[in-house]
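Colleague: Below are the chains, spelled out letter by letter.
2 protein chains.
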Amino acid sequence: MTNNLPGFHLKKTYPAAKARAGELVTSHGTVSTPLFCPVATQGTIKTLTPREVRDLALPMILVNTYHLYLRPGIDVVEKLGGLHKFMAWDGVILTDSGGYQVFSLARLRRVRDEGVVFRSHIDGSEHLITPELAVQFQESLGADIIMVLDVCSAYDSSFEKVEQDTHRTHHWAERSRKAQQSGDQALYGIVQGGVFPGLRRQSAEYLASLNFPGYAIGGLCLGETKEVTLAMVEESVTFLPENKPRYLMGVGSPEDIVESVARGIDLFDSALPTRLARNGSLFTPSGRINIRNAGFGRMERPVDPDCGCYTCRTFSAAYLHHLFSAKELLAYRLASIHNLAFISQLMQRIRSAILDDTFDSFKDEFLSTYRPTDEQVRLEQKQKWLKQRA
Amino acid sequence: MTNNLPGFHLKKTYPAAKARAGELVTSHGTVSTPLFCPVATQGTIKTLTPREVRDLALPMILVNTYHLYLRPGIDVVEKLGGLHKFMAWDGVILTDSGGYQVFSLARLRRVRDEGVVFRSHIDGSEHLITPELAVQFQESLGADIIMVLDVCSAYDSSFEKVEQDTHRTHHWAERSRKAQQSGDQALYGIVQGGVFPGLRRQSAEYLASLNFPGYAIGGLCLGETKEVTLAMVEESVTFLPENKPRYLMGVGSPEDIVESVARGIDLFDSALPTRLARNGSLFTPSGRINIRNAGFGRMERPVDPDCGCYTCRTFSAAYLHHLFSAKELLAYRLASIHNLAFISQLMQRIRSAILDDTFDSFKDEFLSTYRPTDEQVRLEQKQKWLKQRA
Numbered sequence: 001m002t003n004n005l006p007g008f009h010l011k012k013t014y015p016a017a018k019a020r021a022g023e024l025v026t027s028h029g030t031v032s033t034p035l036f037c038p039v040a041t042q043g044t045i046k047t048l049t050p051r052e053v054r055d056l057a058l059p060m061i062l063v064n065t066y067h068l069y070l071r072p073g074i075d076v077v078e079k080l081g082g083l084h085k086f087m088a089w090d091g092v093i094l095t096d097s098g099g100y101q102v103f104s105l106a107r108l109r110r111v112r113d114e115g116v117v118f119r120s121h122i123d124g125s126e127h128l129i130t131p132e133l134a135v136q137f138q139e140s141l142g143a144d145i146i147m148v149l150d151v152c153s154a155y156d157s158s159f160e161k162v163e164q165d166t167h168r169t170h171h172w173a174e175r176s177r178k179a180q181q182s183g184d185q186a187l188y189g190i191v192q193g194g195v196f197p198g199l200r201r202q203s204a205e206y207l208a209s210l211n212f213p214g215y216a217i218g219g220l221c222l223g224e225t226k227e228v229t230l231a232m233v234e235e236s237v238t239f240l241p242e243n244k245p246r247y248l249m250g251v252g253s254p255e256d257i258v259e260s261v262a263r264g265i266d267l268f269d270s271a272l273p274t275r276l277a278r279n280g281s282l283f284t285p286s287g288r289i290n291i292r293n294a295g296f297g298r299m300e301r302p303v304d305p306d307c308g309c310y311t312c313r314t315f316s317a318a319y320l321h322h323l324f325s326a327k328e329l330l331a332y333r334l335a336s337i338h339n340l341a342f343i344s345q346l347m348q349r350i351r352s353a354i355l356d357d358t359f360d361s362f363k364d365e366f367l368s369t370y371r372p373t374d375e376q377v378r379l380e381q382k383q384k385w386l387k388q389r390a
Numbered sequence: 001m002t003n004n005l006p007g008f009h010l011k012k013t014y015p016a017a018k019a020r021a022g023e024l025v026t027s028h029g030t031v032s033t034p035l036f037c038p039v040a041t042q043g044t045i046k047t048l049t050p051r052e053v054r055d056l057a058l059p060m061i062l063v064n065t066y067h068l069y070l071r072p073g074i075d076v077v078e079k080l081g082g083l084h085k086f087m088a089w090d091g092v093i094l095t096d097s098g099g100y101q102v103f104s105l106a107r108l109r110r111v112r113d114e115g116v117v118f119r120s121h122i123d124g125s126e127h128l129i130t131p132e133l134a135v136q137f138q139e140s141l142g143a144d145i146i147m148v149l150d151v152c153s154a155y156d157s158s159f160e161k162v163e164q165d166t167h168r169t170h171h172w173a174e175r176s177r178k179a180q181q182s183g184d185q186a187l188y189g190i191v192q193g194g195v196f197p198g199l200r201r202q203s204a205e206y207l208a209s210l211n212f213p214g215y216a217i218g219g220l221c222l223g224e225t226k227e228v229t230l231a232m233v234e235e236s237v238t239f240l241p242e243n244k245p246r247y248l249m250g251v252g253s254p255e256d257i258v259e260s261v262a263r264g265i266d267l268f269d270s271a272l273p274t275r276l277a278r279n280g281s282l283f284t285p286s287g288r289i290n291i292r293n294a295g296f297g298r299m300e301r302p303v304d305p306d307c308g309c310y311t312c313r314t315f316s317a318a319y320l321h322h323l324f325s326a327k328e329l330l331a332y333r334l335a336s337i338h339n340l341a342f343i344s345q346l347m348q349r350i351r352s353a354i355l356d357d358t359f360d361s362f363k364d365e366f367l368s369t370y371r372p373t374d375e376q377v378r379l380e381q382k383q384k385w386l387k388q389r390a
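So the sequence lines, in the order shown, correspond to chains A and B. If you use my numbering, the first sequence corresponds to residues 1 to 390, in order. If you use my numbering, the second sequence corresponds to residues 1 to 390, in order.
Wrong hints could be hidden among the right ones.
Identical chains share a label here; the pair holds if one copy fits it or two copies do between them.
[Stated by the list, open to error] Only pairs whose alpha carbons sit at most 30 Å apart, straight line, appear in this in silico DSS-like list of lysine-lysine:
hint, residue 1, residue 2
1, 46, 226
2, 85, 327
3, 226, 363
4, 18, 79
5, 327, 46
6, 327, 79
7, 161, 178
8, 178, 79
9, 46, 85
10, 363, 79
Just so you know, these hints were derived from the structure itself, not from any lab.
Kindly generate the complete structure, drawing on both the sequences and the hints.
Modeller: Here's what the structure looks like:
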């Protein structure tokens, strides 16, 4: 079954085969790439309404099938008119297959050729997910872009283990392709292969041969170094077709986005901007600051005087600091608005730079002023991953 | 020092000396009464932005001096340009004196003629508040309407104790009046007297003789029965001047508001609508429902199909149920919007009915369809009070 949507149009690559600006055509509108998708894990971008997300010029979001499957249930969302209606979001929705969550959040996984048996992280109940079910669930939800079920290897797995996982991912990708019933969704393949360049290439080439309308790159940012991540992105992208969108899963720090766009990535998703926000960690042009620090307690100016978001236009850093000190729910909301606005503005600047043939200098300037916190972010991701696997 | 603002204009009383519609002129605009003020305890209406509160047609809010005094500190708010600027609220602000909080939230109270020594509920630090300091704090915050420091008796205190507390309240009211430095604020006296009609009358008459620009009625809804509350409201109002606004402190259930307007009350404040909202308890024309109940899990229609609020216009009851089940922060926000919209619409209907000479029939109809939950509310208030005093 092939997808009948026009799909993806490249407007510009700069330099050739590297940073790209494009347009992605979906059942819920055409969006410009490179694009960042905020994460609505349980059917809501935490603390925000759909119209606030829209106002941030973020036209596409990711929702986790795994979470909605467990609560409120795929059948409930379907009965209520599908995911768009359920969460009152008329923009584009991308769902993941549940693969990553099953391998990180869920307990007692038994991976077989058929699929994965796992226990719910909510109530411990046992469930089976197969490639066919993952497609069926995502079609029932009515997402615009859906993902194949993949096997996500731990970052420290052996070559043999990752090779086995990658082959299973390929087999499942084929089954997912065959399982598609509806032509309204674009089903993306997921490149795996861990931190092994040869497996990444194999995976990209194999999936490319299946002619998916788009390709995700999975299994990264789980604890490996920044250099390894970027090398794996490059290795995967090199063997993917140029005329199809490339989506780097789970990446959302400003510096990683810029570096990955430079390597030919078109789509991103990550809960990082909103998760950091709820911890008081805010993006500024010079790097991350933590608004909880006492130094902000009397600061009259906004967090970022040059930022055009509602939070920075309206409130002092001192007020934000107060809301965090007092554990007021508005704190998490105002911080989420700011961090998503920062990323949204970054994506617009990236796209303009690509279209203006100035991406290289934009990238150099951005990375020289934005204080890198990569290692910090990576450490957090590693800790989160290890905790989830425990 | 007298207040130089025009103050309060009665538009209509219906019937004479009972339900009233008026206009209250303040430094931050003229507002129509009867009016409900949502509570921004720590300088924010929990979960909501100032513009959302404005959009709910709620032009006046209450902020707790006690909380801001402890965190971030009166001096910090003053340095940042005052309370309006601090919280980006350009509407009317009413602050309380801190009296009620000192007698409920704070620990180790020693009440002397000079004032009250108390320990912070946050860090246990010891503080002294006097009538003069309470006025000074509220002037520094820059509120539009401010309150005298009063002694708040427990609902089960003896006549002798309440009499002593009430006399001290009167003495403090005089000192507060003298302590006023700025003419921009309207300082209201607070009628006390517990559940004793004679003391209520004494208190109202005494405060009226001091010629305040407005009068609050305090020390009610702390555990006494509904009948006693309303009798005390009536007893207090009877001896207050007709041409001054009357503010019933801490009342916010729909049925109590309607009954109190019928007894001549113009202003209300309460954290009840937003606190109930965060517990999933939502106002509907037929009474309170709890959206957490499983029955709402598949309900396609909104919580109240006739309500015009953003929540009811946009989301199904099932989606709200899901957000509460998943403990998503958006749940508390959407529920708060709905409950405040319900109260705001109620106040508008009350005012229209008074102006149209139909308030009696409006009241009868409202109270016959709105399932009374007074005893439930009262029990909650009593438990909260007892817990705080413990």
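Colleague: Under the constraints set out in the numbered hints, which ones does this structure not fulfil?
Modeller: Result: hints 4, 10 break, sorted rising.
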